[in-house]
Structure formats: structure tokens, C-alpha cells
Amino acid sequence: MALREGERSGPEVTGRTSRILGGRGGGRSLAIAAGSTVLVFGALALVVVNSPGWDDVRASFFYWPQFQESFPDILEQFGTNVKLFLLAEVFILVWALVLAVLRSLPGPVFFPLRLMSAAYTDVFRGIPTILLIFLLGFGVPALQIAWVPKSEFVWATVALVLVYSAYVSEVYRAGIDSVHPSQEAAARSLGLSQTKTLRYVIVPQAVRRVVPPLLNDFIGLQKDTALVALLGVLEAFRQSQIEVAGSFNFTPYVATAVIFLVLTIPLTRLTDWLIARNRRRELARA
Amino acid sequence: MTALELHGLRKSFGANEVLRGIDLTVEEHEVVCLIGASGSGKSTLLRCVNLLEPLDGGRIVFHGDEISAPGADVNRVRRQIGIVFQAFNLFPHMSVLRNVTLGPRKALHLSRAEAEARADELLVRFGLAEKRDAYPDSLSGGQQQRVAIVRALALRPKLMLLDEITSALDPELVAEVLNVVRELAAGGMTMLIATHEMGFARDIASRVCFLDAGVILEQGPPGQIFSAPREQRTKQFLARIVEAGRL
Chain C
1 MALREGERSG PEVTGRTSRI LGGRGGGRSL AIAAGSTVLV FGALALVVVN SPGWDDVRAS
61 FFYWPQFQES FPDILEQFGT NVKLFLLAEV FILVWALVLA VLRSLPGPVF FPLRLMSAAY
121 TDVFRGIPTI LLIFLLGFGV PALQIAWVPK SEFVWATVAL VLVYSAYVSE VYRAGIDSVH
181 PSQEAAARSL GLSQTKTLRY VIVPQAVRRV VPPLLNDFIG LQKDTALVAL LGVLEAFRQS
241 QIEVAGSFNF TPYVATAVIF LVLTIPLTRL TDWLIARNRR RELARA
Chain Y
287 MTALELHGLR KSFGANEVLR GIDLTVEEHE VVCLIGASGS GKSTLLRCVN LLEPLDGGRI
347 VFHGDEISAP GADVNRVRRQ IGIVFQAFNL FPHMSVLRNV TLGPRKALHL SRAEAEARAD
407 ELLVRFGLAE KRDAYPDSLS GGQQQRVAIV RALALRPKLM LLDEITSALD PELVAEVLNV
467 VRELAAGGMT MLIATHEMGF ARDIASRVCF LDAGVILEQG PPGQIFSAPR EQRTKQFLAR
527 IVEAGRL
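Chains as they are written, first to last, in the numbering used here: chain C, 1 to 286; chain Y, 287 to 533.
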């Protein structure tokens, strides 16, 4: 999806320059921010380091030689997580859009489709992800139907697609609803059918608006790939469990957390940046 | 030849009856201006003619076809009737060129080259050639509205509906848009125009219709309507316009 880069510069938005710094800028507030940060985090560190069990915790969670030993293996298995969420994301983006479009079809004829889409969203948003992974991952292969894949990886992917497409379709639907009805009137007045109006006018505008919330769900999906470890699929979290079991040391969990963070933090920052940019554009337009 | 006939058009929104039996005939090459207070039903009437609003009663006949009949191909009808809205309603995610070619390409199924040739010709004619690749939010209101007119014209409609197309514009931008409409009128385009610009209506209209409470209370040549209105309600309306310095 190609977003047009901000080639047009709108009037600069004043006020609230940075959420993190709390706005207002200037050297004095920067000094206050730095001071209070050092104070808060310093105090927190002192409490942790001086706690009675700190030496034990450090030895079992932050043991550097263990980190070095397990990190490459976990990183290798993390490839499975990447494969899983990339594959799932493609299906989610397409399937959720289908659901959202079905739900926004007007007229009494399409009521059954709207109802099905609504029921789907209600059901799959209502079931805890971990339960659905268990139900599909253990249940479907147990049916022993010849042509149905038995791989846990496949059913874990299906479960994530079902759950996340329910969420993402709501995001799309909010985007579709946010396009003003006058856009539809303009498109229909050119003699475009309902379908073409959706395809060329409504959906492109809707999707542009919901890129940040879509990325948000994408971040959630990345983390939830760790849930498939519970089916026995060998991925980063499962690998770290194996390492922990073999060494009686929890450091591999920390290593796994670091790997997930390295991937999700840039995406989180990108999402924030896109949200800020959309906001600037909205303000410039108003 | 008769371009458009409206017979007893009725339209309600809930309990609010907006059109209460509109009868109107528009001949080919005629420019009919609808005047009247806000809420008198001008916009609703235009939206009904383009089948953007379903009717509650009455018939619309367009070049001999009853387009309000159930089962009429609304998309085919709309390709022959252009409408321009008060708020422009350009597609913000498309360049000017794509705004103009969308209808010809996706509704008329012209090739890209044909559609672009048609668009370029119109953009040049209305002084928008250098805005071809611009996006709507970088254009002035007047330019946006001219693009909206071009977008409607690209389908080569037999009838243009203009719905208060200068109401959302800054005063200094009104003239450039009205000049486009004048040029269309000079070219023989059949038009049904809802407007608050009385001076413009007096200049351009072959006939002026005064809408009041959902009916056409009075119609006639602009000279008669503006100088010697017969109905009391028309006199009151025009007196208020004169008082506001708009005529």
C-alpha cells in the first residue's frame, strides 16, 4: 500500500510538540525531564538491586554466559515466528477486508451476509486466542481426515488468522465508516456501481486511514506467535523453554524477550510516527 | 425536444415532507434555475433527478425514458446526468486527472488513453491543464469546483445538475466557477441549477423557478420573476435578498 509522502507541507502544528517530553520544549523543561527521569529510574534501580533476593535473581535471569550460549539457538528458531506472522498477516489483511466489506454492504438483500460477518467477529473476538489455538491445534488433527493437514504449525496459523481477522475487520470497518457519505454519492453519480464505488473510492481511503491501527494489531500478532509453543511447535519461546529445562537458568527467557523487543519496538515507533503524521495532515486540512 | 419531465415528485425524510408534488419540464438547451430559501427542497430535487434519493411518489422522464420506473438501470441513467455538489466531493486520494478519468474508465469502459485524452481536452478548456497531476487538497476551492464540473462533463452528460456550487466558496472565487457555467450555457448544455446567486440566475437562466415549501410556487423568465413576481411569497423572498444586497 503506497502512502503518498508528505510532499505538501501544511501549516506547522503548534503546541504539544512531543508527547514524551510533555510539550513546551525549551532547555529548562529538558533539564527537568532529565532530572526526574534519573531520579525515578535511579530510585527504581536502587530498590531492585538492594532487594534481598537480587543476587539470586541476577544469577538465574541475567547470567551472561547462559545468554550468550542460548541466544543463537533461540534466534534461529525465531525464524519460525517470523514465518508464522508474515504468513498469517497476509491472510488476515485480505480476509478481514472481505469481512469488513461484507458487513458494510447496504440494503436488505445483503442482510444474511452482514449477519454472518457480525457473528464471525463476535465469536472470534470473544474466544481467548490460547483456547482457539488449543481447540484447533489438538482438535482438527484428531479428526484424522486424510486430506486435512495435521501440522500444528498450520492449525496455529489458522487460529491466529481467525482471531486477528475478527479484530482487523473491525479496524477496516471503522475506516470504511469514516469515509463521508458524500464520497459515495459522488462516485455513484458518475454511474459507478456499488462494487466499483467501494473498490475505487471508499476502500482506498479507508485503508489509508487505518494503517496505524493495523500496524498496532500486527505488533500484537507478532507477540502472540509465542502462544503456538504450547502446541509443541518449535519456535523461539519453545526453544527458550528447552534451554531453561536444560540449564536450570531462566536467562533464555530474557534472551527471547530481547529478540521480540528488537522486532516490535521499531514497528511501534513507526506506528506512532504515522499516527502523528496523519494528525498533522488532518489539522492542516481543517 | 424535451430533456426532462418531472411529474408530481414527492419525497419525505421521516415526517418531514421536503418535496410535495413537483411538476417541471426542461427543454433541451434550456437553463433552468431553482431559487428559494434553504430547506425549500432545491437540493433534494436535484438529488432525486439523479436517482441519488429514492422517490416517494411521482415520475421522472428523461429524454423519453421513465428513469424512475422500478428496474431502471440507475448507473446508465447517471452516466447521462452529471451532478456537481456544493462541497465539491472530489476524491482526495486521486490526482485531478484520475478524478476526471475515473468515470469514463470505470463506468464508460473507455481505454486509459481515450479517457485521458478526453480529460486533458476538458482540463485545457477550463484552464486547469497545469493542475492535471495535483491532488485536490492542494487546489483552491474555485479550482476544486471547476475540477468537479470537469469530472461530471467527462461522461459527456445530456443534462447537468448544479447544486449550489458556489455556496462553499470564498466570494473572490465565485466568478471563476460561474464563468465556467456561463460557457457551458453558451455551448448549449441543458442545465438545472439550484442557486443563491440571483444576479447570476438573472443573467443565465432561460427560466427561473421559485421553490417554496416543497412546491414550485411560481416560474417564468428571469425578467418577470425578478422584476414582477406574482406570488406574495416570491415577493417576500426577493425583498429579503435585495435587503441583503444580493440582487
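Don't read these hints as lab results, they were simulated from the structure.
Some clues are possibly wrong.
[Claimed, not checked] Lysine-lysine pairs mimicking DSS-like chemistry, simulated, CA-CA at most 27 Å apart: (1) Lys196(C) with Lys83(C); (2) Lys392(Y) with Lys196(C); (3) Lys521(Y) with Lys196(C); (4) Lys196(C) with Lys150(C); (5) Lys392(Y) with Lys417(Y); (6) Lys392(Y) with Lys444(Y); (7) Lys196(C) with Lys417(Y); (8) Lys223(C) with Lys83(C).
Under the constraints set out in the numbered hints, which ones does this structure not fulfil? 1, 3, 4
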